[in-house]
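S.K.: One-letter residues, chain by chain:
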Amino acid sequence: MIKFDRVSKLYPGGSRALADVSFHIERGSMVFLTGHSGAGKSTLLRLVMMLERASRGQVIVNQRNLSNCPDRLAPLVRRSTGMIFQDHKLLKNKTVADNVALPLMIAGLKYSDIRKRVRAALDKVGLLDKETVWPLTLSGGEQQRVGIARAIVSMPPLLLADEPTGNLDPNLSRELFTLFEQISEQGATVLIASHDLDLIRQTRKRVLVLSNGRLADDIPASDGS
Amino acid sequence: MSSDMWLRQLRRKNRAWLRRHSYSFFSSLGVLVKHKVGTLMTVMVLAIAMFLPLGLYVTLTNLEGMNLRQDEWGAVTVFFKSGTTREEVRRVADDLGNRMNPETVVIISPAEGLAEFRDASGFGESLDILEENPLPWVMQISPQQGPTEQVEERVAELTIFLQSFDNIEVTQFDYKWLQRLGRMMELGQAAVTVLILLFGLAVVVVVANTIRLDVASHTEEIEILALVGAGNAFVRQPFLYTGLWYGLMGGLLAVLLLGLTMLYLARPLGLLLETYGTVFSLRGLGGYNTLWVLLGGGFLGWLGAWVSVQRYLQRLKVGGRLGR
Chain D
69 MIKFDRVSKL YPGGSRALAD VSFHIERGSM VFLTGHSGAG KSTLLRLVMM LERASRGQVI
129 VNQRNLSNCP DRLAPLVRRS TGMIFQDHKL LKNKTVADNV ALPLMIAGLK YSDIRKRVRA
189 ALDKVGLLDK ETVWPLTLSG GEQQRVGIAR AIVSMPPLLL ADEPTGNLDP NLSRELFTLF
249 EQISEQGATV LIASHDLDLI RQTRKRVLVL SNGRLADDIP ASDGS
Chain B
41 MSSDMWLRQL RRKNRAWLRR HSYSFFSSLG VLVKHKVGTL MTVMVLAIAM FLPLGLYVTL
101 TNLEGMNLRQ DEWGAVTVFF KSGTTREEVR RVADDLGNRM NPETVVIISP AEGLAEFRDA
161 SGFGESLDIL EENPLPWVMQ ISPQQGPTEQ VEERVAELTI FLQSFDNIEV TQFDYKWLQR
221 LGRMMELGQA AVTVLILLFG LAVVVVVANT IRLDVASHTE EIEILALVGA GNAFVRQPFL
281 YTGLWYGLMG GLLAVLLLGL TMLYLARPLG LLLETYGTVF SLRGLGGYNT LWVLLGGGFL
341 GWLGAWVSVQ RYLQRLKVGG RLGR
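Respectively, the protein sequence lines represent chains D and B.
What the first sequence shows, in our numbering, is residues 69 to 293, in sequence order.
What the second sequence shows, in our numbering, is residues 41 to 364, in sequence order.
If you are wondering where the hints come from, they were derived from the structure by calculation, not from laboratory data.
Heads up, some of the hints might be wrong.
[To be verified] No farther apart than 27 angstroms at their CA atoms in a straight line, the calculated lysine-lysine pairs in the DSS-like style are these:
#: 1; chain 1: D; residue 1: K162; chain 2: B; residue 2: K121
#: 2; chain 1: D; residue 1: K178; chain 2: B; residue 2: K53
#: 3; chain 1: D; residue 1: K160; chain 2: D; residue 2: K178
Owing to the predicted nature of the structure, the values given are computational and were not obtained by experimental measurement.
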């Protein structure tokens, strides 16, 4: 599903975010990406989303080589990927349902289908009763769940999460990770960047450890997956 | 891929395209309605910008339609020499009718002339002191009506033709006035063209600036849309429709303002023309021109929005990478 082949990323000015990173993530698996702040976790996710280009090496996602993929195809790549952000990235002037509906509206689905799918996604994250509520009236955990609902509403084959539990208490964080596990069990590939080592250990999934832009360790899953 | 599958995929894509457009179409209108005051102010500015060239255009159209130049200023007045008889005057009139085919030829005898002068001048009985009528036979000739250039040409031909008669003392005509009016109308038409171009540009600039501010206030929203897979077209559409709505509403308001202005001016203008013995009803833009104003306004609004959004998207690179 995701293949990094000796990928390096240098930002203008010479700062190195990733150096010679190689790994392969199978379809349907759930993998954690961890490391200290500035280790290159977010840059790696941005490369998968085509928000950045690799300076060297090849990034292959869903059999498409993003290193030579033209810019105009970036929206298509993003449409087949669900992304969850630490700061939620919700539209304040739209209701919860409208926020979740965005990827489907972009895809041009029928209004009746959009409504059905939005309700199903909100049901999955336990926010069905908050459909018509404005995001700013929700708690941090609820906003994060709206972000997750938006990421899974179009049922993408790949789900990326950048520090999804950053602002949440341990109980809510555990709930979220359980939700990600369920999504992964339904066939989606899930890649989560997190520095919450306790929770990562509890899930016993594969862990990629980044340190100063290099892949320092690749710990295999111990849950049998 | 089989042709059947290809067709189905094409139909699905078309339907998705239509849905995206219908979403942008109605959501942009909804946003404008939500911000009534701001929308009204922008639309007013656009309407005034469109009203000015339209007003001048309608004025010129009405002036041309007033027929003043052809009936009054285009007429040639012929004064015969003293002692010319009725038969001689009639012969000139017949000759003129056969060879020059004028619109009308009116013969005024010295007696009719004096009576008319008596009424118009107010001298009344004072004119009875005169031992004999000093007025000559007069003939008023109006050339065939038509476009200004043709009337000018006909008047010139008439005067050359009249020079061949010995019993004509003076030929008087307002040819210069006719010429001047024709040139003034041409100048007016050129001014309308320049005003349409200038104020059209003003509409584009006003809409571009409004949309620029609109886009700037939606920067965060645009970035989020791009992150969840929106391409340039999806981001651009609501703004383009907003520009289109602005242009359409501006055009509509300009037409309404023009109608109200004409309604207001119709009575005093009618009274003024009555003193000249002319009955005239003002002509408006008409359905065809109104349609063009609305289409033109919509297009200019769309163009202004496109210029603004396109510049912004290029800076943001929404279709490709965001930010750096």
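S.K.: For each hint given before, does the structure comply? Return the numbers of the non-compliant ones in rising order.
M.R.: 1
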